[in-house]
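**Q** Dock chain B against the given chain A, drawing on the hints supplied.
These protein sequence lines are chains A and B, in that order. For the first sequence, the tail end lands on 166 under our numbering, and the numbers increase by one without skipping. For the second sequence, the tail end lands on 1273 under our numbering, and the numbers increase by one without skipping.
Mixed in with the good hints there might be a few duds.
Computed list of lysine to any residue pairs in SDA-like fashion (alpha-carbon distance at most 25 Å, straight line) [as the list claims (entries may be wrong)]: (1) B:K1175 <-> B:A1200; (2) B:K1175 <-> B:I1204; (3) B:K1175 <-> A:G75; (4) B:K1175 <-> A:A50; (5) B:K1175 <-> A:S103; (6) B:K1175 <-> B:Q1267; (7) A:K109 <-> A:S125; (8) B:K1175 <-> B:H1238; (9) A:K109 <-> A:G42; (10) A:K109 <-> A:L34; (11) B:K1175 <-> B:N1198; (12) A:K109 <-> B:A1239; (13) B:K1175 <-> B:T1194; (14) A:K109 <-> A:A162; (15) B:K1175 <-> B:L1215; (16) B:K1175 <-> A:V155; (17) B:K1175 <-> A:F46; (18) B:K1175 <-> A:R92; (19) B:K1175 <-> A:I99; (20) A:K109 <-> B:K1175; (21) A:K109 <-> B:G1062; (22) A:K109 <-> A:P128; (23) B:K1175 <-> B:T1211; (24) A:K109 <-> B:R1051; (25) B:K1175 <-> A:P148; (26) B:K1175 <-> A:V91; (27) B:K1175 <-> B:L1152; (28) A:K109 <-> B:H1238; (29) B:K1175 <-> A:P76; (30) B:K1175 <-> B:V1163; (31) B:K1175 <-> A:S100; (32) B:K1175 <-> A:G51.
Hints are computed from structural coordinates only; laboratory data are not their basis.
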Amino acid sequence: MGRGDAVIAAVFAGWFLLVLLRQLGLGRAFVRRLDVFQLVPGWRLFSGFAGHHDYSIHVRNIDAATPEWHRLEGGPRPVRSALWHPALLLVRVRRSQAISVVSAYRQDKEVTGSPRYRALVGSLSTLPQLQLAQRFQFRIVAERPYDPTFEAMEVYRSPVEAVRTF
Amino acid sequence: LIHSLSFSDAETVAQMVAVIASAAHFLSAAQLLVNPGLFGPNAALDWNSVRARGLMARTPAGRIRSFGPRTVSALCLFKMLGALGLASAGLTGTPLLPWTALVAATSLSLVVRAPELVSAADHIANIIVVALVLGGLGSLDAMTMALGFIALHVCIAYLTAGVAKLRHPLWRNGKYVVGMVSTREFGNQWIARTLLRNPAGALISAWLVMTLEILFPALLFLPTDLAIAGVIAMTCFHAAVAAMMGFNLFFFAFPATYPAVLFLNFQVRQWMV
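In isolation and in its complexed conformation, chain A is listed as follows (with noise of 0.2 Å):
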């Protein structure tokens, strides 16, 4: 083995090792911190808090005569989804933001005030449904709409937030 495989195998190990430490949840602040590429991934797939739930959200307009709450995005996936699903991508990223946004609201921790909350805000606000709308608010729902047995739940209500101009 030459010296340059040499290196290319302590890297291997390097970053082999990152990756058993971060399924046994030793050093996870330290690899999180360092892993801007996210080359060492958690595992964990669908055994979290969040897999058995859509997080759906909700706005309203503050202003309306009747500020009913408008549920965002939704309707049944196509079948075509299992070869060409683009709109999985805004499902990603609110579903996300609100799983951030309640995380966070559970662990009593500053939610208002966080990027990912502010970013909500800010796309919420080029809505069509608040196009007329000075303020508005929205709230988490933890919901699963193909179990009629399961009442959804609120998990987080949103301060009164202006409309964002832009």
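**A** Coordinates of chain B only, in the frame set by chain A:
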């Protein structure tokens, strides 16, 4: 067809891995390319909000002022070009390195730009190309190490996922599966109704998934025919997940590692004999 392939030669196996992974990368970039609206100012992934976060704010990427939809589209197009080149190199036996490097560079830039969009399938597809880049920088021994790394990494991934599920009481009694298929985002109305009427079906599905995931590393030690049967079963599992849950990238990204698993199986069995 699988029997006619050779899993003993690192170069051939790397080409197989590259061809399958290129499909995952091409599809991932194409799906991103048709979503430019996510990246504009005040869109869901506005760059200013992404770069303000803890990890990004501490890196040089956090100092980039503008990273809008046009740059993202350009990166996607280059990644798609790289994926086509990679597939072509894998099929014709020409060097993989220029293409793996292009795919890795564009893909990792997109990870920095849109961290929320990185799924487990993207993770494994990126790990594959980065490992192939490293393997391509050295001799054939380095490529052997790269394939071994890919195989061990995917074994750890499945094992961790399976054990984490096994520790969750709702997975053990099948209710997590019912919950998952009852969501609009990942679920399916017909399957949800069927499993709600037949809780035993949910229980069997849950234990089948956990068993497949936990036992995956055993493929490294089984006789080759059984290992091949195992990877075929896992490919069917990912096809089912794509059809039922819409996780289309998983169908290419995880099976892209399977030639490396069979390669390592061959090496382990040689060593055992």
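**Q** Decide, hint by hint, whether the structure agrees.
**A** Verification of the supplied hints:
1. B:K1175 <-> B:A1200: The given pair, whose Cα atoms are some 10 Å apart, holds under the 25 Å limit.
2. B:K1175 <-> B:I1204: 11 Å, holds
3. B:K1175 <-> A:G75: 23 Å, holds
4. B:K1175 <-> A:A50: 13 Å, holds
5. B:K1175 <-> A:S103: Judged against 25 Å, a Cα distance of about 22 Å means the pair holds.
6. B:K1175 <-> B:Q1267: Violated - the C-alpha atoms of Q1267 of chain B and K1175 of chain B are around 40 Å apart, more than 25 Å.
7. A:K109 <-> A:S125: The given pair, whose Cα atoms are some 24 Å apart, holds under the 25 Å limit.
8. B:K1175 <-> B:H1238: 21 Å, holds
9. A:K109 <-> A:G42: Answer holds: K109 of chain A to G42 of chain A is near 23 Å, not above 25 Å.
10. A:K109 <-> A:L34: Status holds; Cα separation ~23 Å.
11. B:K1175 <-> B:N1198: Measuring from Cα to Cα gives roughly 11 Å; hence the hint holds.
12. A:K109 <-> B:A1239: Not satisfied, since the Cα-Cα distance of roughly 40 Å exceeds 25 Å.
13. B:K1175 <-> B:T1194: OK: K1175 of chain B and T1194 of chain B at ~13 Å, within 25 Å.
14. A:K109 <-> A:A162: 22 Å, holds
15. B:K1175 <-> B:L1215: 22 Å, holds
16. B:K1175 <-> A:V155: 21 Å, holds
17. B:K1175 <-> A:F46: 13 Å, holds
18. B:K1175 <-> A:R92: 23 Å, holds
19. B:K1175 <-> A:I99: Roughly 21 Å separates the two Cα atoms, so the pair holds.
20. A:K109 <-> B:K1175: Outside the cut-off at roughly 30 Å; violated.
21. A:K109 <-> B:G1062: 24 Å, holds
22. A:K109 <-> A:P128: Judged against 25 Å, a Cα distance of about 31 Å means the pair is violated.
23. B:K1175 <-> B:T1211: 17 Å, holds
24. A:K109 <-> B:R1051: 20 Å, holds
25. B:K1175 <-> A:P148: 14 Å, holds
26. B:K1175 <-> A:V91: 23 Å, holds
27. B:K1175 <-> B:L1152: Violated, at roughly 31 Å.
28. A:K109 <-> B:H1238: Violated, at roughly 37 Å.
29. B:K1175 <-> A:P76: 21 Å, holds
30. B:K1175 <-> B:V1163: 17 Å, holds
31. B:K1175 <-> A:S100: Within the cut-off at roughly 24 Å; holds.
32. B:K1175 <-> A:G51: 12 Å, holds
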